[in-house]
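With the hints as constraints, model all of the structure from the sequences given.
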Amino acid sequence: MAGSPTARRRRLSIELKKLREQSTLTCAQVGAALDWSGSKVNRMETGSGRIQPSDIDALCRFYNTSEVLREFLKSLARQAKTRGWWQVHGSGVPEWFSIYIGLEQDASTFRQYQCELLPGLMQTTAYACELHKTGAHMTADDIDRAVRVRLERQSMLTRPDAPDAWFIVNEGAVRNVIGDRALMREQLERILESAELPTVTLQVLPFDSGTYPATGSFTMLGFPDPEDPDIIYRDGITDAVYLEGEHHVREYTRAFDGLRAAALSPQRSTELIKSALKDSSR
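To convert, take the position in the sequence shown, counting from 1, and add 13; that gives our numbering.
For the record, the hints were derived by calculation from the structure and aren't laboratory data. Glycine residues also receive a C-beta, built at the ideal position from the N, C-alpha and C atoms. Warning: the hint list may mix true and false statements.
Pair ranges (Cβ atoms, derived) [stated by the list, open to error]: (1) 223 x 146: 31 to 39 angstroms; (2) 81 x 257: 45 to 53 angstroms; (3) 53 x 253: 23 to 31 angstroms.
This is the structure we're talking about:
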């Protein structure tokens, strides 16, 4: 079972939806039978509403589940209420991004394409600070909290059960100077260090790569439990989109494979980054 509160909440929603679909009932029908609204059942199945253990009891009696399954689901509901380590940073982590961090912490495979910026899991403190300063709405304390969370997230690449992580970065993100040249030299050195980690693969999509899937930045997360489907994450300035249907996963996997084929090999990508590092020293 996945470990973060977010992952537990997602797993609970998946299990509840599975029980209803096995009963061939709609949310409205289940709600009517339990004297609830159909929207309450839907919120429980989408993870958008808090689920009480008493709700689990009622649903399990209605679906006539085993006592073992009932206790398992109630345990998920209780554990989903706990706070993740990143949530103590308050306004430094928006709610829509907090959901992502919870999922990221439990991923066993990580696939990311970055077309404008270098990956957050490889950023230095100075680089991350510069990026957050562009958000005029953020206070100095918010920026400090956001950067600390980003740096803490990076530990997932070096832990014993680190996910199989594959990054594809557009050459523009490598060449674009954030802050000043000294800052970028430090950042490019960090990228090279991260690329040497045993579970990390890094490729650069060069300017002359020709036609490739034009997707914008995205992240694909896979999980160790086969009951937890892969998820696609795309974020913006004020919100994020989470996609997990088979069609979405299939198409984004195809896009990532296309980007991987168009990008330089890991060895040549390292050579390009070293070349950019030399250029920044001139």
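Hint-by-hint comparison with the structure:
As the Cβ distance of residue 223 to residue 146 is approximately 35 angstroms, the hint placing it in 31 to 39 angstroms holds. Look at residue 81 against residue 257: about 27 angstroms separates their beta carbons, and that is not inside 45 to 53 angstroms. Take residue 53 and residue 253: their Cβ atoms lie about 25 angstroms apart, and the range 23 to 31 angstroms holds.
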